[in-house]
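Asks: Going line by line, the protein sequences match chains A and B. Counted from 1, the first sequence has number 294 at position 260 by our numbering; the numbering is strictly sequential. Counted from 1, the second sequence has number 101 at position 100 by our numbering; the numbering is strictly sequential.
Any given hint might turn out to be false.
Examples of chain A residues lying across from chain B (beta carbon under 10 Å, computed) [to be verified]:
1. Pro185
2. Gly242
3. Ser348
Not close to chain B: a few residues of chain A, all C-beta gaps over 12 Å, as computed [said to hold, decoys possible]:
4. Thr92
5. Val113
6. Asp207
7. Ser231
8. Ala234
9. His256
10. Glu314
11. Asn349
12. Val370
13. Gly469
14. Thr474
Quick caveat, the hints were computed from the structure, so don't treat them as lab data. Even for Gly, the Cβ is constructed at its ideal location relative to N, Cα and C.
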Amino acid sequence: MIKSNRRDALKSFGGLAVLGLTGNAANLLAQAQGKKYIFTICAAGGANIADCFLAQSTGAAAYDNMPTINGSPLRAAPVLSNSIKGVINLGNGYAQETFLKKFAADTLVMTAEVSSVNHNVAGKRAVTGDNANQGRTLPEAIAMAYGQGLPLANLMLAGGGYSQNGDDITVPDQYRAQVVADPLMFAFATHGYKGISKLAGEAEMKIGRDLRQQLEAASRLHTQFQGGRAFESYIKNRDSVVEMLEKGDTVTKLMLLDPATNELEKYGFKVSADINLVREKFQNLSTDIFEARLALAFLATKNGLSNAVTISPSNTPLIASRGTPNSPIAFDWSHVDHRGAQNAMWSYILKGVDGLIDLLKATDIDGDPGKGKMWSQSLIYIATEFGRDKVKSGGSGHNLNNGVVMVSPLLNGNKIFGGIDPETALTYGFIGDTGAPDKTKMMKERDIYGVIAQAMGLSYMGRGSYKAVVRTT
Amino acid sequence: MKARRRALLLILPVFALLSASCNQRPKWTGFGRSSGAAVPETSSNSIPVASETGDVGSSEPGLDLVWKRYRAFEDGLVTGLALNKATFCQELGKQSCIDKVHLTFLGGNDPFEAGLYERAQTPTSITAVAVDRVVLYACSQRLEMDRVAASAAVVFKYFPLSGTPTSDQLKLQATDLYHRFLARDPEAAEITVIQSLSNKGLAADKLALMMCYSIGTSAENILL
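Working from the sequences, and respecting the hints, build out all of it.
Replies: Here's what the structure looks like:
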């Protein structure tokens, strides 16, 4: 962990302390700076940085025929011809090089050595920074700071350890992860009565809901449990969030189902006005849950419902006649075929992120050109649990040593923070303030958390200083 | 006499020891914590913390309510309203509300397709919407079945669905719905509220549906 620079800490916290602002007050101050979005992409199963932007042409994990990336220290592994056991073609053919050509200026690698090789535990630590910030996950912290008033601020389109609540039980329920299993059908969960019965229209439901409120007020349950967190939270969500979602016509805004194959009109539903926009980038969204999640993430943020979205690929291969773009159990297929899994899954993840960035770059915040493009206030964190053994062939085990990819105009991109020993493919750390590589140093989960927090303008006790990593304009 | 006094002298200290150990037993303070588990340490910032798996302990009032999750919730509706479990709630007429579309919001999880190994600990922002939809589906289907069944109606049988119900009929219908959903008699105050519905100008079938909906989605049917 980076030790806090005293002067920097004073700068970070001194102003707030003088004003008497801590906790929620500090969050309010952060929010006053405007809207910010975090997209956590879960490279589930152990995405090895030495098989992506830290790929090497010599040493233990060397690649042959690496493409040349001009003007960038970032490297790209070539697209390999992969298959599952020689039977099913594996990979979508998307080149890491393509990603860097488009987005190198906003892309950085930060090395790290994590603290667990247990998928669930490590997944959770990837988003809590190993409890760096009182146990809050990054999406919880950023939803609290910049997602006030949003009905689904922290939208969870992922599973495993990434989807768990943080350990800070003071996080209000509205900033807890709203876990969604099926992105294509999620729209239905945003309207309490549409498409069910001709007897239940807006006027009837108003009477029914008023009746329920009166009945509850007269009940013993209400008297007995009023003031309890579970009871109050349920009632509050029901009375405020539901109305917000229904009045905002969220059900239409998030509707991703294809009207050609679903009887939407028969039930009174309409498809999202942005369906062609998201379909252009995510052409397989009807069958590929990762693409559907990315599409939903964009629609939820674009329409002012969420500002912290977590997205993971499916663990199940999407086998079609041409093969599958993703490996079974995602990056964890590396146990069987390291190169095949890493190469195919990095392509799969980066292609999805590519599409998401294009959409964010083309879209105004809140539809208001005066607020700038969504991308200008977005950060994409490609999170993973841990690295893999540094090998060229065969299967690989879990390895604590690794690094992560972040993409954002809020970061000092086109850089590697830390370094890699080409012979061993093991990474080492850096000095947070200067960015200078330091072979004696290892960054930890809390440093990854700290970098993102600093880039997003969040302060908390014990946060390190990572001035070199954050872009200053 | 002496023997009795000796016995008392032996028993009393044992009783006192037992009593003391009972007083030291940890108290139940809410769901999410295994019985007898140590209360988590508070951090230096006085923020209570929990375990790596996300289980959270709290002594706040109200947390000892139990969330009636998807299967119990479904069983209650199917049994209470005599419905077909497989078909009573399907979005777009084809996707199961309980097992698929609203599963996670109703307290379930999907380990295989979505990698969701854990269930939500408490109802989420969306739970109330899912509850509304599922109950409304259930009540609507029962209502239409009873409309067709006419004199053989099962639930909505206390007043004609095309007529105007009397106060007594409303009371009978409400009492039956309270039995079916909440397994208790309605309080007098609740009956009074129900009877005030007759002033709302709703057609009888809509009135019946809204009675069913309001009782079936009340917090008492979700949090036990």
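Asks: Run every hint past the structure and note whether it holds.
Replies: Here is how each hint holds up against the structure:
| no. | hint | verdict |
| --- | --- | --- |
| 1 | Pro185 | 7 Å, holds |
| 2 | Gly242 | 4 Å, holds |
| 3 | Ser348 | 7 Å, holds |
| 4 | Thr92 | 36 Å, holds |
| 5 | Val113 | 26 Å, holds |
| 6 | Asp207 | 7 Å, violated |
| 7 | Ser231 | 4 Å, violated |
| 8 | Ala234 | 6 Å, violated |
| 9 | His256 | 8 Å, violated |
| 10 | Glu314 | 25 Å, holds |
| 11 | Asn349 | 5 Å, violated |
| 12 | Val370 | 19 Å, holds |
| 13 | Gly469 | 30 Å, holds |
| 14 | Thr474 | 29 Å, holds |
In summary, the structure is inconsistent with hints 6, 7, 8, 9, 11 from the numbered list given earlier, while agreeing with the others.
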